[in-house]
Amino acid sequence: MILSHFQTLMLFALAVSLAFAFLSKHTMSEQLRYAVWSFLGFLVVAIGIGWLMYPFSR
Amino acid sequence: MESGETEMETEPAATTTVRLNPLLAIAAAAAAWCVPGLGHLLLRRWAKALVYFLAVASLAVAGLLMRGNIFHSNAADAFEMLGFLADIGSGVFYFLADKIDVAGPDVSHASGDYGTRLIATAGVLNILCVLEAFEIGLRRRGRAGA
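So the sequence lines, in the order shown, correspond to chains A and B. Just add 135 to the spot in the first sequence (first one is 1) and you have this note's numbering. Going by this note's numbering, the residue at position 91 of the second sequence is 90; the numbering climbs one at a time, nothing skipped.
Isolated chain B (complex conformation):
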C-alpha cells in the first residue's frame, strides 16, 4: 500500500489543465431545456442547434397534433411519473401543449397513442441534448495555457 501511495504522489502532473466553466454549463443546459437547441446556439454550435430544434420540435408538435397524451406532475403511479419526466424534457413544447393541441388528448385511437410516444421521445431526446450542452459549456474555455 505504501509503495502504491508513493507512486501516486510522485506521478507527474498532467501537462495541460482543463479549466471548467460551471456557470456557462448551467446556463447552456437551462437554455437547452427551455428551448431545444438554444443551449447549443449560445455555445455557437449552429448546426447542432438547428438539428436538435428540428428533431425535438417535429416529434413534439407531431405528437401533440396527433392528440397524444401529456402527463402531469400529479401522477397516480410510477409509470405516469416516468411519462411526466419524459414529457417535461421537451421544455417549451410541454408548456405550450394546450396551445398546440387545442382539442386535447385522445388516446382512444391508435394515432393518439402514437402521439403520446412521440411526445415522450421528444422529451427524452432533448434531455440528451441538454446533457451535451452542459458538457460543452463546462469545457468551453478550453485548455489553460493553450
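Okay, chain A solo, but in the shape it has when bound:
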C-alpha cells in the first residue's frame, strides 16, 4: 500500500486527534470539538511548516 505524504499525515492526524479527544475530554460535545480542532491544527501546522521549508528545498 502506498500513501502520499499528505494522505499519511491525514491518517495520522485523524487517529491521534480522535484518541486524544477521548483521552482528555469527558462529554461527547467536548470530545467532538477537541477532535475537530486538533485535526485542523495538525493539518494547518504541517502545511505551514511545509511552506516555511519550501525555500530551502531548491
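Take the hints with a grain of salt, since some may be wrong.
[Unchecked claim] Incomplete in silico selection of chain B near chain A, CB under 10 Å:
| hint | residue |
| --- | --- |
| 1 | 47 |
| 2 | 54 |
| 3 | 109 |
| 4 | 113 |
| 5 | 114 |
| 6 | 116 |
| 7 | 127 |
FYI, nobody ran anything at the bench for these hints, they're computed from the structure. Glycine included, every Cβ here is placed at the ideal spot set by N, Cα and C.
Fit chain B to the given chain A structure using the hints.
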C-alpha cells in the same frame, strides 16, 4: 515544625474514601495492551474501546501495509531500543506484524519510512490508552459509602 506537625495530625479526615481496585486495574491494563480497546471494553467504556481500537489499528495496519520497519528486542543502539519500546506498545499488532505485512519491511522508499513512524505512533498511542485503562480500573469501585 512542631506546630506544623500538630496541624497535620489535627486535620479532619476526608469525607469520602476512595477504594482502589489494583487487580482490576492490572487486568484492564494488560487487556488494553494485548488488544487495543479491550481494557476499556472490560470496563464497559464502549465508545472509548471502539475509538482506541480503530485509532491504533488503523495506524498500525497502515504502517505495516506501507512496509514500515518493526524494531526487535535485540536492539543495536538506544534508538532501536526506543523504537522497540514504541512498537511493542501496540500489543497484538506487533506480534502479528509478520502476518499482516508478509512482504517484510522496506524503508528504501519514503512510504516505508512513513510506515515505520505510523507503527511507532500506534504503539505510543496504545500505551496512553493502557495508562488510562489502568487509572479507570483502579478507581472502578467508586467511593466508599456513596
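Does the CB of residue 47(B) sit less than 10 Å away from some CB of chain A? holds, 5 Å
Interface hint compliance - residue 127(B) to chain A, C-beta minimum distance less than 10 Å: Because about 6 Å separates residue 127(B) from the closest Cβ in chain A, which is inside the 10 Å limit, the hint holds.
Let me know if the C-beta of residue 113(B) comes in closer than 10 Å to any C-beta of chain A, holds or violated. With Cβ-Cβ at 4 Å, under 10 Å, it holds.
Supplied contact hint for residue 109(B), tested at 10 Å Cβ to chain A: Given a least distance of 7 Å, the restraint on residue 109(B) holds.
Chain A contact restraint on residue 114(B) - CB to CB distance below 10 Å: Where the cut-off is 10 Å and the nearest Cβ of chain A is about 8 Å from residue 114(B), the hint holds.
Taking the closest Cβ pair, is residue 116(B) under 10 Å from chain A? holds, 8 Å
Given residue 54(B) was flagged as interface, is its beta-carbon under 10 Å from a beta-carbon of chain A? For residue 54(B), the interface hint holds, since the closest Cβ of chain A sits about 4 Å away, which is under 10 Å.
When the structure is compared with the earlier hints, no violation turns up for any of them.
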